[in-house]
Amino acid sequence: MDLRDSPKEARFRARLCAWLKENLPTDPEPTVLAERWPYMREFQQRLYRSGWVALSYPKEVGGQGLGPMEEAILSEELGKANAPSLLPLGHLGRPLLSYGTDEQRRRYLPPLLASDEIWCQGFSEPQAGSDLASLRTRAVREGDEWVLNGHKIWTSYAAFADFCLLLARTDPDAVRHRGISAFIVPLSTPGVTVRPIVLANGDEEFAEIFLDDVRIPEANMLGRPADGWRIAMDVVNYERGAVETGYLPKFERYLSELAAVVKTQTSTPDRAILRALGEAAAALEVLRMHCLRTLSDRVSGAPPGPESSIDKLLMTAVEQKLMALSLSLLTDTTAPGRAEWFDRYLYGRAGSIYGGSAQIQRNILAERLLGLPRSPG
Amino acid sequence: MHFALSEDQRILQQTIDEVSAQLFADSPVGNARADGGALRAKLWSKLVELDLVGLLVPEHQGGAGGSLTDACVVAEALGRHIAPVPYVGTAIAAAALLRFAGGPGESLAALCRGEAYSVLLGGQLEDPVATATVAFDWVDGAQGVALSPDGLATVHDLVDVDPITDVDPLHRLCRVRPVPAGAASSEGARRARAAAWTGAAAFLTGLADGALRQALDYARQREQYDRPIGSFQAVKHLCADMLFDVETCRSITYGASWAAEHAPIDEAERVASAAKCYTGAAAIRVCETGIQVLGGIGVTQEHDAHLRLRSAHLHHAAFGNLDAPLMLLAGRVLDKA
Ligand SMILES: Cc1cc2nc3c(=O)[nH]c(=O)nc-3n(C[C@H](O)[C@H](O)[C@H](O)COP(=O)(O)OP(=O)(O)OC[C@H]3O[C@@H](n4cnc5c(N)ncnc54)[C@H](O)[C@@H]3O)c2cc1C
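Protein chains in written order, with our numbering: chain A, 1 to 377; chain B, 1 to 337.
Bound conformation, chain A alone (with noise of 0.2 angstroms):
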């Protein structure tokens, strides 16, 4: 155990901290997605051009080729400079990473980590949620090109983005999850049709994506043929930790903004505000623990596996103590932020859902950790 910066680590935070005190932008975040979007990316865009974002992917595809622990520092000082949110789409060029060719890995991932092409995660259907392994996309080979029909559903900024990794059966006649194979569709290619879906707090996250005869060349299947599962659970294990999806920081910043709004309300404030958000803080500060005690076991270059149910759960019971709370503190119908804070309230409630459902991430732990005995599916 040695949580002090190395000398290299130290420089690396200065050199951020000045960084982000020129750099932070002084108008606040918009509240509205169609406002934060552009918001968020603009920042994420400078951010990547000072050599911010990517800090752990290799040089040559346009990352930084420095360590977690980076990430790990980059976390807590967005944190507690208040920065803008990050996209959090961090961990989808992982997959391109491990599995590209370097053709791939050359064309695709430095406008990815450049936030200059932005790519979505096309796995869920709407027969396939939780049961992911059932999904019926259909790609079949004709010539040099894949044929894919199907529909997707809840892809993340599908509205916004300019590739999918999408998930399709290719082998009808093997087992369920051994039929898979991962494919980079560009959604501007005919026979793609984006339609939004609003969720329960306005924004227009996510999206349908309908496939019909899409043609794409066969250079643009990821990894061999089959290797969708795999692909598909590295994803999603990345995707369950807080710092990949820039998560931590997003939380801090809530959590000052809160108690702000404490301060504003009242300088006495009662014992059980100060316990709820007592609460909260210790919460966040066993989610950066956490995050440390995760990141410094991937130091060996292991990609995460099974246990990042723990972090996504303990990510998901952050937001939703952090939301309790503002519930709790805005029960004044004249309060401000009032409307802004229920809209995050309703979001956090998706935090148990994508991702892999809060059941989900339990039957993971008890029997791929535990080793209970397994139940169907």
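These are calculated hints, taken from the structure and not from any lab test.
Careful: at least some of the hints might be erroneous.
[Said to hold, decoys possible] Derived pair list, reagent style DSBU-like, types lysine-lysine, alpha-carbon separation capped at 35 angstroms:
1. A:K21 with A:K59
2. A:K321 with B:K42
3. B:K336 with A:K8
4. A:K21 with A:K80
5. A:K21 with A:K263
6. A:K263 with B:K336
7. A:K8 with A:K21
8. A:K80 with A:K59
9. A:K80 with B:K336
10. A:K80 with A:K8
11. B:K336 with A:K21
12. A:K321 with A:K263
[Said to hold, decoys possible] Each pair of labels, with its calculated beta carbon distance range:
13. B:V129 with A:F342: 52 to 62 angstroms
14. A:A18 with B:D335: 20 to 30 angstroms
15. B:P163 with A:G305: 42 to 52 angstroms
16. A:A260 with B:D26: 23 to 33 angstroms
17. B:D323 with A:A174: 50 to 60 angstroms
18. B:D51 with A:E22: 22 to 32 angstroms
19. B:D150 with A:A324: 37 to 47 angstroms
20. B:G151 with A:A260: 49 to 59 angstroms
21. B:P178 with A:S130: 22 to 32 angstroms
22. A:N82 with B:E187: 49 to 59 angstroms
[Stated by the list, open to error] To give an idea of the chain B side of the interface with chain A (calculated C-beta under 7 angstroms), a few residues:
23. G36
24. L329
25. A337
Don't be surprised by glycine CBs; every beta carbon is placed ideally from N, CA and C.
Got chain A; can you put chain B with the ligand on it based on the hints?
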């Protein structure tokens, strides 16, 4: 930055697990309720022999010169076995107070040799404000350590002793004739309190981990409806929740074990207080859930699950239960906003 136990710390963990498992195979921890202190004394002298009681004390003061993380590794392993020894009270809380708040050197050396020192707390096991009335982790003949009103760790002979075993018979409290005490204001005293919070958190983490292991063993063996109960999703999710709690307790506890010793004092207190309040609530939850998985046997005196739950409540209550750390955390967040 690196967050992981060292190879030596893993071996230490294993050693305590083996020592405890051996000892308690011959004589279950529950026996310690009525054996006149025999089991406690046996394990304590083993810990002294292994030089683990003086882990927090530098070598030139008679200790083993270990770290708080080392001591937490020991405390977690002892908690796992509900070991009936005053490790948190003596080897962590009292030792930290003596060491960080200017206590007498001869007491520190005596503590390392295995002599009994309890920490003195208020009636609700909070940090005493004006007088201390309860000795935490008390054993027969123990002396008490408290901060004096002028802020120095001071050793007291305890008189009018009246043991309290209602909640946790394995880790005794004792009402004592009140002694004058002061609040932790110096940096040393605050660091000692952070160490006490963290030590309790480590013991709580161990208690929870033991409950999880017991529940898992049982869930694999016990059959109902011709299947192991561990194949029912309702039971699996209870076990998954326990695992979640145990692992997150570990993260915050070991983070705090480093911060409480090495970080600037404000950060040390912040992380340690998060550890204390989080693990207190989590360990109680996990021990309760463990009993649920055990079914009827879990609520009897024939099983030690109730001793584990009792111990979780005691350590949750110690050093200001949830409230002291939560108020500190809330204060920090408000100061920053
Ligand atoms: C905000 C948001 C963003 C999303 N973004 C994306 C995205 O970008 N790309 C993508 O591919 N998908 C995305 N999803 C989809 C998400 O992955 C699915 O919603 C999720 O996997 C659950 O599937 P479902 O909605 O069909 O619910 P179902 O699977 O039908 O589940 C309904 C309920 O049944 C429970 N349940 C199901 N199976 C079991 C079981 N075996 N044991 C116990 N309980 C069970 C679930 O826990 C849940 O409570 C997103 C979802 C949301 C809410």
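Original post:
At a threshold of 7 angstroms, is the proposed contact between G36 (chain B) and chain A supported by beta-carbon distances?
Top reply: 39 angstroms, violated
Subject >> K21 (chain A) paired with K59 (chain A) [C-alpha distance capped at 35 angstroms] >> reply: Holds. K21 (chain A) to K59 (chain A) sits at ~26 angstroms (cutoff 35 angstroms).
**OP:** Quickly compare the C-alpha distance for K263 (chain A) and K336 (chain B) to 35 angstroms and report which way the hint goes.
**Re:** 11 angstroms, holds
**OP:** May I ask you to test the hint 22 to 32 angstroms on the CB atoms belonging to P178 (chain B) and S130 (chain A)?
**Re:** Given a distance of about 60 angstroms, which is not inside 22 to 32 angstroms, the answer is violated.
**OP:** Verify the proposed pairing of K21 (chain A) with K80 (chain A), using a straight-line Cα cut of 35 angstroms.
**Re:** Holds, at roughly 11 angstroms.
Original post:
So does A260 (chain A) sit 23 to 33 angstroms from D26 (chain B), Cβ to Cβ?
Top reply: For D26 (chain B) against A260 (chain A), whose Cβ atoms are near 59 angstroms apart, the range 23 to 33 angstroms is violated.
**OP:** Could you see if the CB distance from P163 (chain B) to G305 (chain A) stays within 42 to 52 angstroms?
**Re:** 48 angstroms, holds
Original post:
Given the proposed pairing of K21 (chain A) with K263 (chain A), does the C-alpha separation stay at or below 35 angstroms?
Top reply: Satisfied, since the Cα-Cα distance of roughly 25 angstroms is no more than 35 angstroms.
**OP:** Could you see if the CB distance from N82 (chain A) to E187 (chain B) stays within 49 to 59 angstroms?
**Re:** Violated, since N82 (chain A) and E187 (chain B) (Cβ atoms, about 29 angstroms apart) do not stay within the stated range.
Original post:
Between K321 (chain A) and K42 (chain B), is the straight-line Cα distance small enough, at 35 angstroms or below?
Top reply: Given that 35 angstroms is the threshold and the Cα spacing comes to 45 angstroms, the pair is violated.
**OP:** For the pair we were handed, K80 (chain A) and K59 (chain A), check the Cα-Cα distance against 35 angstroms.
**Re:** 27 angstroms, holds
Subject >> Cβ distance range 50 to 60 angstroms for D323 (chain B) and A174 (chain A), holds or violated >> reply: 58 angstroms, holds
Hint violations for this structure: numbers 2, 13, 16, 18, 20, 21, 22, 23, all remaining hints satisfied.
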